[in-house]
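Got chain A sorted already, so can you dock chain B onto it with the hints?
Residue numbers (this note's numbering), protein chains in the order written: chain A, -7 to 154; chain B, 16 to 521.
Hints are computed from structural coordinates only; laboratory data are not their basis.
Note that this is a predicted model, so its numbers are computed, not measured.
The beta carbon of each residue, even a glycine, is placed where N, CA and C say it ideally should be.
Fair warning: there could be bad hints in the mix.
[To be verified] So the derived list for chain A, only partly shown, Cβ under 8 Å to chain B, looks like this:
#1 Ile61
#2 Arg86
#3 Arg87
#4 Thr119
#5 Ser121
#6 Pro122
[Claimed, not checked] Sample of chain B residues lacking proximity to chain A, with all beta carbon distances greater than 12 Å (derived):
#7 Arg24
#8 Arg93
#9 Pro211
#10 Trp334
#11 Ala409
[Claimed, not checked] If you anchor each label on the Cβ, the simulated ranges turn out as follows:
#12 B:Asp96 / A:Arg63: 54 to 64 Å
#13 A:Ser41 / B:Arg232: 47 to 57 Å
#14 A:Ala25 / B:Ala277: 49 to 59 Å
#15 B:Asp425 / A:Gly55: 52 to 62 Å
Listed below are the residues making up each chain.
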Amino acid sequence: MTWFQPEGVELQYVSRRLIVVRLVALALLLLPALVGTSLLAALVAGDTSILWLLPIGVLLLGGFLSYVIVRQVTAHAWAEREDDLVVVRGRLWRRVTVIPYGRMQYVEVQSGPLGRFLGIASVQLHTASPGTDASIAGVPTAEAARLRDRLTERGQARLAGL
Amino acid sequence: MRAPSEWTRAHIISPFINGAQGFVVFLVIVVVQGQQGLRTLLEQEHMLYVILGVVGVILLASVVFVVTFFQWRVNLYRVTDSAVEQRRGLLFKQQRQARLDRLQAVDVVQPFLARIFGFAELSVEVAGGEKSGVQLKFLRLAHAEQLRNHIIHLASGTAEKPLAIDADDVGVDPVAELSPLSQSDKARAIAAQASPAREVYKVPVPRLLLSTVLTWRFILAILIPVVFVVALLVAGNATLEVVREVGIADDIAGAFTAIATAALAALGVTYSYLSRGFNFTAQVAADGIRLRHGMLDTRRQTVPPGRVQAIRLRQHLLWRRGDWWRVSINVAGYQDNQTAVSTLLPVGTRQEALEAVWLVLPDLGDPDPEGTFSAALSGKGEENDFTATPVRSAWFDPLQWRYRGTRATDRALLIRRGWLTREVFVVPHERTQSLGIRQGPLQRLLSLADVHVHSTNGPVRPVAQHMDVEDARELLEAQAERATLSRAVQTPDQWARIVGVPQGTL
Chain A
-7 MTWFQPEGVE LQYVSRRLIV VRLVALALLL LPALVGTSLL AALVAGDTSI
43 LWLLPIGVLL LGGFLSYVIV RQVTAHAWAE REDDLVVVRG RLWRRVTVIP
93 YGRMQYVEVQ SGPLGRFLGI ASVQLHTASP GTDASIAGVP TAEAARLRDR
143 LTERGQARLA GL
Chain B
16 MRAPSEWTRA HIISPFINGA QGFVVFLVIV VVQGQQGLRT LLEQEHMLYV
66 ILGVVGVILL ASVVFVVTFF QWRVNLYRVT DSAVEQRRGL LFKQQRQARL
116 DRLQAVDVVQ PFLARIFGFA ELSVEVAGGE KSGVQLKFLR LAHAEQLRNH
166 IIHLASGTAE KPLAIDADDV GVDPVAELSP LSQSDKARAI AAQASPAREV
216 YKVPVPRLLL STVLTWRFIL AILIPVVFVV ALLVAGNATL EVVREVGIAD
266 DIAGAFTAIA TAALAALGVT YSYLSRGFNF TAQVAADGIR LRHGMLDTRR
316 QTVPPGRVQA IRLRQHLLWR RGDWWRVSIN VAGYQDNQTA VSTLLPVGTR
366 QEALEAVWLV LPDLGDPDPE GTFSAALSGK GEENDFTATP VRSAWFDPLQ
416 WRYRGTRATD RALLIRRGWL TREVFVVPHE RTQSLGIRQG PLQRLLSLAD
466 VHVHSTNGPV RPVAQHMDVE DARELLEAQA ERATLSRAVQ TPDQWARIVG
516 VPQGTL
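Chain B on its own, in the form it takes in the complex:
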């Protein structure tokens, strides 16, 4: 089954997965919140209570299932030539349309539970406002991937007409199975959809682990409890005696719990970071960049060319030894859960970071892209034609000012900053939304100003602080002009049609 042009339901397993997810969450809440109650219940050893409990759980499970089942029944989708449409809602009906000419990214997401059974959710992200995307859950993994290819194929503008218009597989639409045309259509569609991909980089798990350990968050999470315990031990029994006598042992216990909780929270963040970067691979194909990552939950992102709005490269102090960089991007369609989707490279060598940038911005528009970029990553002052911030900006940041700098190439604006943690912003000129200068009273005294480059919603917020006010004005004017010029020649929405990707390779 590929792209159904008739209203179709998701796979029949969906209500089970949805219901089970809700049920697991509920159970966890009951167990965590009602621990005390459960314990007393069990201690009483009354069979009656246990039976009541089991019956309650079963009743609840069936209610959840019935609700999710009916939700699934009314949850319909179809793919037309110009949009992915979705209808859903039991009481409040909802109809959504994701226009393909506004398509920004298509992701195949596998939550853990769905992954166990080989199912996936297809998430279509389009530009324009909150909740404009469409999520189809759940489909068989292979089907989700085919549908993804098909949608991207339609959006690229190479498809003169829909390749496949039948629906089968789940038995929802048996007519398609009988159609004499469906077999040849299917073969043609699959051939056309097999877009060859080339792997660009892969993040080895040991490096990911090491890089995670080498961040402040992790070090603090480990260090603080260790220091606390060591301090207690070193202080020795004598102190403990005193403590006990004075009666502040409870306070220490309380402090310890607080520290342990904080450390656990920090470890949780670390885990989610680790999980997102696990088995990270980046591939490039004619239909865009493909990213795959995830430990228990996995996500396969497809971002068509020209959809990345801004790039940020960041290096923690402790990553400097291995010259590791993390690359984050802004993609317009993604609304929520930004952190999960906006990583282009969780941790990579300088060479890989450069490759990641070239993936998004194949042409930097500079005669010496490598040299310019290495000046952006680890240079300072005015090397390689960077515009540095003046000495007087040291009043604002005595340690960082030497590292601040901006440079515009023919295609993009580079902004460099950071002393301990180094950061570089890259904004393609044609992706600039708007520009701003800001100046506070103290900056005014020193004739300094900040230049902001406004990008779409995302983790990357490019800003060049404390520039000479003349430089700032010049940058603003020049940048506005460059943005206008670049937009005239930018990658269009239907990229393949204009770029001239040969038919059949998509």
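Chain A extracted, bound-state conformation:
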């Protein structure tokens, strides 16, 4: 279900594997905090100390952020239309960006170590405007390469200076 449905084309949702990548990144960030606060509670105070609220808080935060990640990734999609690319993202703060192919300056494909392992990459389009926020995270690698080539091809066909 999406709030913005472009006419005539299906939205393509990003790979769910992006959830894994983001969760791992989140875990790497929160695990030290969890371990640290637990140790603190265990060493400094006893079993019933109020300090145990800290690791519980970290766990709750992790749970909430995981929920946000799942919701965000399942709302992230793109659609290639005849003359432009549509990128949709966000649940609470929702954004739609429309980039005409002719305005594209270059396309960038990136993937981190974990993303490569899982076979996903992010595709970012650059226009002459710094305001264009057109990145698609979590595109399957093969699809990313195809997308890049297709975008470049279409961009060249419609290129119109600035």
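For chain B alone, coordinates are given in the frame of chain A:
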């Protein structure tokens, strides 16, 4: 000397100007930062110290000069048919190429020191990334202007072949002087380069001064210290006595210094605004819009047709009486120092503001351009087919919502907003880079959304806030389509070739 196709150096005075600029900055820092030290030095009245100081300064000056001299020696440029190229750097070599088919603007800049001696810097701005432009400094003013004309001429696509390929004047290339062809070439080139210009408007200095005074920044800068002093006086001696006894006089002195500093900073901003708008004139010629402005430093900008990406008109509350407007633009090539270069009209009447817009966008694509534009400048609600924001958007801005509105003509998108300070954005359809809709959770509850029109880097960031979500979607779709259609017929990079400007007028 016009466009050298061989590698050429800038004028020999360049190292002196560059060195002097660096030296003045250094001296100012020494005097400001080392005041105390200097004072004690002088108080000691030891001739030795004074002599040491003078020798030090002279040594430093010669080092600075030697460095700038060698920098000048390796700083070379040339103009080919397709690019302005520059080589420079003593230790780290650098070669830059400003492609003429990506040319966005050419400016002749005169910093104060260079201006005194009649020299100028030529700044060529091209599209594409940071630091892609080329700055040639310094050249004789007349030469810089000729070179500017020549570069624009080449970029416009009317030149079948380079008009002049000799270099002379500074004695760097004496061969050109001996060339039998150079005289006739020169005459032909100058004739072809004299592009007739028509003055469109000029900003009178009194109006500029008055408009500067009538801004919040200035009023606050003046008002706060005045109020502070008056308050002190009114409170009278009695209070002062109390103050002295309680011992917070130091705090008051501190507060006063802080306020004075803030006021000075505000005045500094005001000065730079004033300086940029001083003697502002706009001319139109076949090769584009020419802007001239500056008090001590001056700048002559040339922006070819179709290079302006977006326009903003703004009116402060206190400007409403005279119906004055300020017009700012986004031009793609300019990377840094945006505020200095992005003013199309510092302050002008409504008529002048309209002329400024027509300069950039000769055809609004509307049967009644004047009427539509006046609705954009001072209308509200749905007058003249504007799409207004719904009543429920008053939850976000109870005072402004009536004034918000958007309208698309055949050529451009108009966005109006502002209650006290009125603002109008104008974006030609073919200049739209990309579009976006954004919606926050509260807007979602009220079915509202913002539409962003992404333009190139610059002061103009068009956005239509709190539209009905259906209107927003419709605008996005329609705008994307209009942008595609307009691009198919837009002004090409080599504008004159397609527009059909008769040969010889460029």
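>> Going through the numbered hints above, which ones does this structure break? Give me the numbers in ascending order.
In response: 1 and 14
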